[in-house]
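In order, the protein sequences belong to chains A and B. The letter at position 47 of the first sequence is residue 47 when you use the numbering used here, and the numbering goes up by one with no holes. Add 446 to the 1-based position in the second sequence for the numbering used here, that's all there is to it.
There are no misleading hints in this set.
Facing chain A, according to a computed beta carbon distance under 10 Å, are these residues of chain B, among others:
hint, residue
1, 539
2, 541
3, 546
4, 552
5, 562
6, 620
Hints listed in this document are in silico derivations from the structure and should not be mistaken for laboratory results. All C-beta atoms, glycine included, are put in the ideal place defined by N, C-alpha and C.
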Amino acid sequence: MSATGPAATLHRLWAVARLTLLEAVRRRVFVLLLLFGAAIVSSAAFFPAIDAESRLRLIEVWSVRASLLFSVIVSIFLAGFSLPGDFETRRVYTLVTKPLHRTTLFAGKFVGFFLLLAIFLGVMAVISIVYIRIVAVASTDFPPLKAEPRWFAQGLESLGKVVTFKSQRGERIGVRAGAEGAEGALVWKFSGLDREAFADPMKIKLRCNLGRRGQQFAIEGRIQVRLMTPQTGASADAIREIHTNQETEFAFDRALVGLDGRLDVVVAPAEPDLSVDADAQSVVLYGASWSFEVNYLRGMLLVLFQSAVVMGLTLAGSTFLTAPVSIVLGVFLYIIGMMWGNIAEGVRDIDVQMEHFRQMLAQGKPQQAYTPEDLPPWILEVSTAISKVTLKAVPDFSQYNFSDYLLADHAVMGRDLADGFLNMLTRVVVLLAFGLVAMMFRELAA
Amino acid sequence: MTVGSAEVNDLERVIETKNLTKVYKDFWGRPRLKALDALTFDVKRGEIFAIIGPNGSGKTTTMKLLLGLLFASEGEARVLGAPPTDVAAKARIGFLPEESYLYRFLNADETLDFYGRLFNIDRDTRRRRIDELLDRFGMTKARKRQIREYSKGMVRRISFAQALINDPEVVFLDEPTSGLDPISQREMKDLILELKRKGKTVFLSSHLLADVQEICDRIAIIHNGQLREYGAVKDILVRRDHVTMTFRSLTDEARVKLEDFARQQGAAVVESRATVETLEDVFLRIVKGAPAEPGLAPPPPKPEDPK
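Excised from the complex, chain A in its bound form:
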């Protein structure tokens, strides 16, 4: 029997986490949630759908959103009531008078709820997958269930004469064609690829903007796409008519992927006066489809990460706030996370307007210096400053939106999980630290 040391602390942490899981099971919260979850997933059968493809998408989105909603409910309500419940019923007296540090109690609760969420989402995933498979077997024209991995270029380079310009989403570079042909080309550099990971022929998708001399945009135009193996110099070309800002699919021999894992994709305008501009994300390589089931489980990890952030804040808040206030805090975080993109866009717009406002004042043109809705500038400055801090603190929940992946048949890649995990981890670590400090200094009895 050891009182101190990391092993003893972990042992106690696990004891608390285990109790948290057991409580959820014994109070039948877990079973009820699963029953409701299963009922919601299966209710998709009653939704109208024009064809099998629509039905698949409906079920996919419905099942993921049901899982997400229920995991958020679990995160907010169970975590929100747990510690305050221990304080109010004074169960905490029999806990912290044992060799259980207050911080271990808090961390144990977090681990317990995290595991609870993981189990809940895992079971929901199994229910959803089984349901989708049953519907697929029962339908005659159900589309294949796919999960295609995607790779983006490590960098975008250019050859010849280049035009660069900035957009709201970053820098784009473009090349033009003169009367004699292309004056330059865009080159997407891929590396670290595995030829065997691609179907044959391999699928490539390209989305870029087109323009013409004297016109800012062109609706359509002809471009040349060349795949080159840097290691051997082997290449293949395709010339296609494409539409501006629309995804166009190309098929190439997968043998063009070098054995060293490198591949260059070169794009140039293929008709006079046409210009093409793009960014590093404009070309995507698609691999052979992964297992739909495995991908679904990976997608549930994204949902788990999102719920963990919400749960972390609710639990940390409950160390010093009442249960209802902690729950409101969790709901607030969820709403901000879901609206992250809208808030970020609003902040960008206000920044642009304020820049214009300052420039006009600097140029001595106060009559042209106006703010949106004529609000006093300081209000906009303060609100955007608060919004920027909030955006730093709260992760963009769109990165955890697994239904987007399902709707596009995209696989959840390791990098997606890593990004989501890191974004979750940084927030959770801060929240845990906050909760741990609050637990250390709060009095546990009145």
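Assemble chain B onto chain A, guided by the hints.
What follows is chain B alone, placed relative to chain A:
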């Protein structure tokens, strides 16, 4: 009556407080209530020590400070030589709260297993200890029933069992006999005496003065957060100004002379045997005339103070 013959005066101090003060504050950090005022006492190894006082006197606050549930505003408390929040020291103590704050969805087995895990007790020892405790408290047959199904007495027994799961050196008991029927109260007292016989130190708070008088070696009486009396029960119960003298072979003449002599000394001869009060008498004498509400009010005048 005190139990055991060990002389505790020179033994190791397992609980110590020095000027222990607790001021409860309001939301804005302003002093709201002074619950404890410079409390200084110690508890020695192997003794049964009770802290007694009326409701709101500061008994529970003292216990919570000793258990690390509250933080002292001033002064210090040490349990087994360490601050009350020390995890290593907590591995050597047991605590029975006034109410049984247990997880009602667990059964007796799971409850003791959970608390055993918090002490990092290995599985085999834990199983053996659980069996022993359930047997000791007569709960073996009910071990698989959830605590929500237990009677109050059964819950109390499991609550006591969890306090002993680690075979503690020091046991804190907050109102151990409250709410129990007379038979259960007797069992509880026997158990406390059994702990003493095993060399454990018992620190308890209680309203039941007869019980305290029966089983405790030393006591501290607090009122309005202040220590009013502190020492061995047998010493506190003796009134030094009220003496009973017993003589053998005393002649009437000698008795008259002794009584005359006593009267000459200003004494009223009532009887010659030292009067032994009940603890209840001592307790009421100490707190009589004090304000009903504890707090920041000045302490009441002591009985010997001239009015």
